[in-house]
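Throw the hints in and build the complete structure from the sequences for me.
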Amino acid sequence: MYDKIFLPKKLTLPNGKIIKEKRSRTPLIVILITISIIVSVNITGFDMKILMDRWSQFFVIIGQMIPPTWEYLPHLWGPLMDTIKMSLLGSLLGATAAVPAAVMASSNITRNKAVSGVAKFSLSILRTLPTLVSALIATFIFGLGTMAGTVAIFLFTLAYVGKLLYEQIENVNMGAFEAMESMGLTRIQAFRYAIIPQILPNYLSTALFCFEGNVRYAAILGYVGAGGIGLLLNEGLGWRNYPNVGIILLMLVITVFIIENISEHFRKKLN
Amino acid sequence: MNAVEKQMLAEPKNYKYLFSVSIILCILFIWSLSTVELRQLDSSGLIIASNIILGILNPDLELLFNFTSSGVAYLLIETIAIAFLGTIIGSILAIPLAFLSASNIVPAPISSVTKILLIMIRTVPAIVYGLMFIRVTGPGPFAGVLTMSLTSIGMLSKLYADTVEDLDTSVLESMSSIGCTTFEKIRFGIIPQLFAMFLSIMIYRFDMNLRDAAVLGLVGAGGIGAPLIFAMNSYRWQEVGSILIGLVVLILLVEIISNKLRTRLVRG
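One line per chain: the protein sequences are Y and R, in this order.
Position 184 (the first sequence) corresponds to 184 in our numbering; numbering is contiguous.
Position 101 (the second sequence) corresponds to 101 in our numbering; numbering is contiguous.
Hint data in this document are derived by calculation from the structure and do not stem from the laboratory.
Keep in mind that a hint or two might mislead.
Said to hold, decoys possible - Once the Cα atoms are required to be at most 27 Å apart in a straight line, the calculated DSSO-like pairs of lysine-lysine come out as:
1) R:Lys158 to Y:Lys268
2) R:Lys16 to Y:Lys163
3) R:Lys260 to Y:Lys269
4) Y:Lys163 to Y:Lys269
5) Y:Lys4 to R:Lys13
6) Y:Lys17 to Y:Lys4
Because the structure is a prediction, the values reported are computed rather than measured.
In structure tokens, the structure reads:
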């Protein structure tokens, strides 16, 4: 279509042959992106002038956070540990549950197309469902508290790790699996000795990465009453007690920094 | 003993290491089990939950196919606009930070300071940024755009920096040996290596930003998140259902498109 409107450039080679060079798509893409930017600016009411005039307001709250109230620190340990526990338990269970789900969803191991299709579809739905919604539903079932947060993190980890895992299983080299099956091993044994060694390092590294993100995400879950340090954060924001918010954020940054470094150490080892 | 068995015995054994890691993991698992409390679990909770799920499965079709400014379609477009602008602004701002945190470009102290700054940007929850930006712009999608761009910077710079650190410098050396100027080296040696990867990372982040739209609603920063949270807080589950259906379909569509674009970009 595009080539018919903008005719390709004709070049004559030294030996008399005529070849066609297709015109670059870049101008079209640039025009499309510019139009989308203009439309988005109109929809969202983006206004550079307001930003220029009032950007200093952004730092007002940060200014109020300094100095943080150090006396608040002893109250923080419990909820902070709750947040870590929530994400740890949710990630561990979710990553474990992701294995059978991924096996069911991968079309080269599960021969039944319907089963793998349904499993893939439910993993996608679970993944796109906002974590806040699943956390809120979980608070109705399990009551306010860390349990609801754990369930929400569990569901997200299951869907995220499950998806990446079944993609890996589908891209795995099937030669060894078929050879083992032909030698008379059962499908489960063949899976254990042919597929698992190929996917294990990647699986562990994905699970660790997901855990890292979950610690960060668990902080927001407090908004719907799903426990952890998010509850205190919300309280601080609600009462405009910004020095308390400052110390909470500081502790959160330190915790995430430590966890990220540990997980990065192990992920580097896995590669 | 044949060659295969010899090879197998010669393989390094790190049972001790594996054993201690699994012990630590078990201890952590048992420690974290203390969050599980099932005493609040009773039949009334299950009834409420089944009502919620029934409500979500019977969506409010009127809202779903309402094309005015309060319908799902308009809200989705607004969400796309917020995510799009946020990603564009964030990805432009992330480029200098990425080069400042790449350890093969700048000296080690600068790169580690920038890395710590990036971790701080990434860790502060979006709710906090949202509140800060609402002071600047007032509630609405504008604040959402700014929040999205700031939260995007953290991840984008980290992924950009990984790409920059993988840069193939032998190309640059051969270019300087044939007498290219610095500008030519950047234009023909560095940009072609980075551009496709940067674009692919941007598209990936756009995908994520759409998904994070629900979080923005918490602070009243526009998009589909705010009506979703309002509907949830007032227990109008049919509305929640219709909004969720719109969101899920949109995210799945964008994901399919972005996966196609990214495979084309990476394969060239």
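Cross-check of the supplied hints:
1. R:Lys158 to Y:Lys268: holds, 16 Å
2. R:Lys16 to Y:Lys163: violated, 32 Å
3. R:Lys260 to Y:Lys269: Violated, because 31 Å separates the two Cα atoms, which is more than 27 Å.
4. Y:Lys163 to Y:Lys269: holds, 23 Å
5. Y:Lys4 to R:Lys13: Judged against 27 Å, a Cα distance of about 64 Å means the pair is violated.
6. Y:Lys17 to Y:Lys4: holds, 21 Å
Checked against the numbered hints above, the structure violates hints 2, 3, 5; every other hint is satisfied.
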